[in-house]
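**Student:** Here is what each chain is made of, one letter per residue.
2 protein chains.
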Amino acid sequence: MSESPKKSALSESQSKPSSGNVSSQSASRIRNFRKKKVSIEQLLKDLLQGNKTALGKGITLIESNQLSHQKQAEQLVEGALPYSQKSIRIGITGVPGVGKSTFIESFGSYLISEGKKVAVLAVDPSSSVSHGSILGDKTRMENLVKESNAFIRPSPSGDSLGGVARKTRESIILCEAAGFDVILIETVGVGQSETTVHSMTDFFLLLKLAGAGDELQGIKRGIVEMADAIVINKADGDNQKPARDAKLEFNRALQLYPAKESEWKPEVKLCSALYNEGIPEVWKMISEYREKTAQNGYFEHNRHQQNKFWLHQTINDHLKNRFYNDPKIKSALEEQLQLIEENKTTAFAAAKYLLSLD
Amino acid sequence: MSESPKKSALSESQSKPSSGNVSSQSASRIRNFRKKKVSIEQLLKDLLQGNKTALGKGITLIESNQLSHQKQAEQLVEGALPYSQKSIRIGITGVPGVGKSTFIESFGSYLISEGKKVAVLAVDPSSSVSHGSILGDKTRMENLVKESNAFIRPSPSGDSLGGVARKTRESIILCEAAGFDVILIETVGVGQSETTVHSMTDFFLLLKLAGAGDELQGIKRGIVEMADAIVINKADGDNQKPARDAKLEFNRALQLYPAKESEWKPEVKLCSALYNEGIPEVWKMISEYREKTAQNGYFEHNRHQQNKFWLHQTINDHLKNRFYNDPKIKSALEEQLQLIEENKTTAFAAAKYLLSLD
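Residue numbers (the working numbering), protein chains in the order written: chain A, 4 to 361; chain B, 4 to 361.
Think of the hints as simulated: they come from the structure by calculation, not from any bench.
Model, not experiment: these values are computed from the prediction.
The beta-carbon is built from N, C-alpha and C at its ideal position, and this holds for glycine as well.
Each hint should be verified, as a subset may be incorrect.
[As the list claims (entries may be wrong)] Selected chain B positions facing chain A (in silico; Cβ < 8 Å):
1) Glu-81
2) Leu-84
3) Arg-169
4) Gly-225
5) Lys-311
6) Asn-319
7) Phe-326
8) Asp-329
9) Ile-343
10) Asn-346
11) Phe-351
12) Ala-352
13) Ala-354
14) Leu-357
[Stated by the list, open to error] Here are the in silico distance ranges between beta carbons for each label pair:
15) B:Gln-298 with A:Tyr-278: 51 to 59 Å
16) B:Gly-194 with A:Gly-194: 16 to 24 Å
17) A:Glu-291 with B:Gln-298: 52 to 60 Å
The shape of chain A in the complex, shown without the other chains:
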């Protein structure tokens, strides 16, 4: 483990491989920040001009748990907001080993060659444990990371999924205000983080392998239902025939689902990220999606719905935290749980009593 020290999020905002002790570098950056009493107006100005250092600093403020930083972050995000809408946000998921990094490297490089500015973010609430398993290792995207029109940032760490979600959503706004017009949000194919990423993106892409025997896994976990496209990666060499078979199978599976509100019919594509094959076709598909949903109004509608969802999500989380963290409730809850266990009260009577204390 000592070979791979926990990388600070900040280090990623630089476009060349970092050297040496990143954590202490990041700590000193934050100290400088405080010393200079950096002006948020200036930071916003730099950011709007596409300055990646300013963008990295802004995201560091968003990710900080310090109150003064949070206030600055709020100010910054609010200032960036009017400039944040001209992007497409693409969620990318898939189980470990499916080749997410290679896909993003290949797809991102292609987009840049097409004149796009590409930001890559990640949602991985486990990153505080796994030391940033996704995007943490920049060497896996060594070409993309050198591009001046690419910005790569690993998942904010040390937080609940709710916290990671808020920070990522606010980071998206800053990236967009800095002129990044394609935002790729990578997540791992486990747990709730896929649903979270789905609820903050315009297009949701599921990466798959042929013959991995996990066709049913995605269906089971409800991921196929969310997908706007299934891209079967590593469709090269001996894998081409199994990949075509898998394509047929997924196409059949997709027909089981009711039509989407977006009126978009999810597609199955083959690609080889390693050999840069099938990559332009993926972008063509996403462009078609964007055009179609812009025309039928779904694109805007969906973003509004997502905003509403996050508004309610945030409120509900706060209400629960406030209630359960009240010391009066905490001790009474213990008592009531005991009474329930002894079959002396019902869940509903106990709830009613606890609410009467609030």
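Got chain A sorted already, so can you dock chain B onto it with the hints?
**Tutor:** Only chain B this time, still in chain A's reference frame:
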């Protein structure tokens, strides 16, 4: 529609088919109730002696939205609670047409022949719209309904799923206190009601048809994952071969899932409810489940977990309702949603502001 007037829940508590205008009958029953100032002590006493009329009256109190009835219901449920644990609660789901009523008729009659007392409840939050599509039509269980050891009650209606869930859970307690030792809880194979029933039962049974081509549907919706058994109904006549094939397929699908906390390995059974075939085997399986989970402690553990779940569920629902029903919040929420729509604030800033008003 005039041929099938909305059936009052109360009418179902009688063991013979009702005649004529049930709603007015039920209304007069409630009036009598009030007039007589029925003693809850007496009702509880009758109920504990297995009196089905008292049980029906008790459930009517639980289902009433009148405050005085609710207080009486609370008192009754609390009194019944210590007597309510000696049952097995079985959730039964399946899409319309799978033969749920026929299965319950056949299974329930078998259980009664084995000396059991069987209560049949339902969770169908749509029943206020569909006029009680499940259990509403008693003629579909015409034998069971005549049994003195059977108690059939349709879903409480005119309520949200949360409301229906609370009422059903409290009704279960009364049924158990009245000596019913097998509680069947039927639900329709759509939406959230299956998850709800799963979270209030000990054993969850998914009814299926062979060759209906919907094998993936249950997997997709996460129902197969919850099932302790898949019972393929109508495995008779020409259907026997397809039923055996479906059994193989479901057995294969079940292997995809991780081991259950209960350590129970879900089984696939064939039955023909119409011809009473395979029914004893279903009960044998459930008895084995019960024995196994009693031994390894899961049975009790699961009921405690369910109680905790419902405690938190109830509290969270109340917290949300209280917040969003505050007139001050209501109008401010409108404003904030408008600001979000105009891209002038973020979901998180809006949430923070709204919470500051509370």
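**Student:** Hints the structure violates: just list their numbers, smallest first.
**Tutor:** 8
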